[in-house]
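Asks: Given next are the chains, with one letter for each unit.
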Amino acid sequence: NAGVMQNPRHLVRRRGQEARLRCSPMKGHSHVYWYRQLPEEGLKFMVYLQKENIIDESGMPKERFSAEFPKEGPSILRIQQVVRGDSAAYFCASSPGTQYNEQFFGPGTRLTVL
Amino acid sequence: AQKVTQAQTEISVVEKEDVTLDCVYETRDTTYYLFWYKQPPSGELVFLIRRNSFDEQNEISGRYSWNFQKSTSSFNFTITASQVVDSAVYFCALRGIIQGAQKLVFGQGTRLTINP
Numbered sequence: 226n227a228g229v230m231q232n233p234r235h236l237v238r239r240r241g242q243e244a245r246l247r248c249s250p251m252k253g254h255s256h257v258y259w260y261r262q263l264p265e266e267g268l269k270f271m272v273y274l275q276k277e278n279i280i281d282e283s284g285m286p287k288e289r290f291s292a293e294f295p296k297e298g299p300s301i302l303r304i305q306q307v308v309r310g311d312s313a314a315y316f317c318a319s320s321p322g323t324q325y326n327e328q329f330f331g332p333g334t335r336l337t338v339l
Numbered sequence: 113a114q115k116v117t118q119a120q121t122e123i124s125v126v127e128k129e130d131v132t133l134d135c136v137y138e139t140r141d142t143t144y145y146l147f148w149y150k151q152p153p154s155g156e157l158v159f160l161i162r163r164n165s166f167d168e169q170n171e172i173s174g175r176y177s178w179n180f181q182k183s184t185s186s187f188n189f190t191i192t193a194s195q196v197v198d199s200a201v202y203f204c205a206l207r208g209i210i211q212g213a214q215k216l217v218f219g220q221g222t223r224l225t226i227n228p
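Chains as they are written, first to last, in the numbering used here: chain W, 226 to 339; chain B, 113 to 228.
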């Protein structure tokens, strides 16, 4: 039973490029969460999605960031025109549904913006 | 607003010593969940425990134990007879039922170093 999968594990982008981070939830999980961990800080919630719906995006920066969780395929966190301050570890978590309280985390994608 | 405070930024002890990591939280929810996660040097997040607000029993799992005190809004984590493999960053997290029901609110983390 595979866990939450994220790819790539490491991503290097130059300023102004786009970054696409992918997350495949655990089998049977229809809820996905994205968190960001800046260097030497705790994780901060970004967005919560269910299939084809954004439920809570209160933690998403207003510009350049978007997320989707299509009916088929992984969830995508997209960062347009990256800046150095976007360098961080981005973690995806999934859960089976609202009645469950454990969120199972993926290994993270470490984004470095040069 | 919900908040988790881990006042200890870094702790360093010698192997076999006991060590306690403090966690204090704030929430207006009457029902909520508390968590501890471990982040070893490899970077992944490892789930350690979940505690419901209506269950104040302490828990022990091997060398790990957790002390939940609702009266002081604390959920402390103790490692007994620490080992070098316990070296990691430890995060305490809170999840409410009403306020931001689906998101975890993390503390800043405590970096624990166990020296041989």
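The reader is advised that the hints may include incorrect statements.
[Claimed, not checked] Quick list of the computed label-pair ranges, beta carbon to beta carbon:
#1 E122/B <-> T337/W: 34 to 40 Å
#2 R289/W <-> E171/B: 30 to 36 Å
#3 V126/B <-> A227/W: 23 to 29 Å
#4 S173/B <-> V308/W: 26 to 32 Å
#5 R234/W <-> I161/B: 25 to 31 Å
#6 E265/W <-> F159/B: 20 to 26 Å
#7 S173/B <-> E277/W: 34 to 40 Å
#8 T132/B <-> E265/W: 44 to 50 Å
#9 T192/B <-> K296/W: 27 to 33 Å
#10 D167/B <-> V308/W: 27 to 33 Å
#11 E129/B <-> I279/W: 43 to 49 Å
[Unchecked claim] Okay, derived cross-link-like pairs now, PhoX-like style, lysine-lysine, Cα gap no bigger than 25 Å in a straight line:
#12 K128/B <-> K182/B
#13 K150/B <-> K287/W
#14 K128/B <-> K269/W
#15 K150/B <-> K128/B
#16 K276/W <-> K287/W
#17 K276/W <-> K252/W
#18 K287/W <-> K269/W
#19 K276/W <-> K296/W
#20 K182/B <-> K115/B
#21 K150/B <-> K252/W
#22 K287/W <-> K182/B
#23 K150/B <-> K182/B
Hints in this document: simulated from the structure, not taken from any laboratory.
The C-beta atom is built at its ideal place from N, Cα and C for all residues, glycine as well.
Asks: Now tell me if each hint is right for this structure.
Replies: Status of the hints after comparison with the structure:
| no. | hint | in the structure |
| --- | --- | --- |
| 1 | E122/B <-> T337/W: 34 to 40 Å | violated, 25 Å |
| 2 | R289/W <-> E171/B: 30 to 36 Å | violated, 43 Å |
| 3 | V126/B <-> A227/W: 23 to 29 Å | violated, 39 Å |
| 4 | S173/B <-> V308/W: 26 to 32 Å | violated, 43 Å |
| 5 | R234/W <-> I161/B: 25 to 31 Å | holds, 27 Å |
| 6 | E265/W <-> F159/B: 20 to 26 Å | holds, 22 Å |
| 7 | S173/B <-> E277/W: 34 to 40 Å | holds, 39 Å |
| 8 | T132/B <-> E265/W: 44 to 50 Å | violated, 22 Å |
| 9 | T192/B <-> K296/W: 27 to 33 Å | violated, 48 Å |
| 10 | D167/B <-> V308/W: 27 to 33 Å | violated, 44 Å |
| 11 | E129/B <-> I279/W: 43 to 49 Å | holds, 47 Å |
| 12 | K128/B <-> K182/B | violated, 29 Å |
| 13 | K150/B <-> K287/W | violated, 30 Å |
| 14 | K128/B <-> K269/W | violated, 33 Å |
| 15 | K150/B <-> K128/B | holds, 19 Å |
| 16 | K276/W <-> K287/W | holds, 22 Å |
| 17 | K276/W <-> K252/W | holds, 13 Å |
| 18 | K287/W <-> K269/W | holds, 15 Å |
| 19 | K276/W <-> K296/W | holds, 6 Å |
| 20 | K182/B <-> K115/B | holds, 15 Å |
| 21 | K150/B <-> K252/W | holds, 23 Å |
| 22 | K287/W <-> K182/B | violated, 36 Å |
| 23 | K150/B <-> K182/B | holds, 23 Å |
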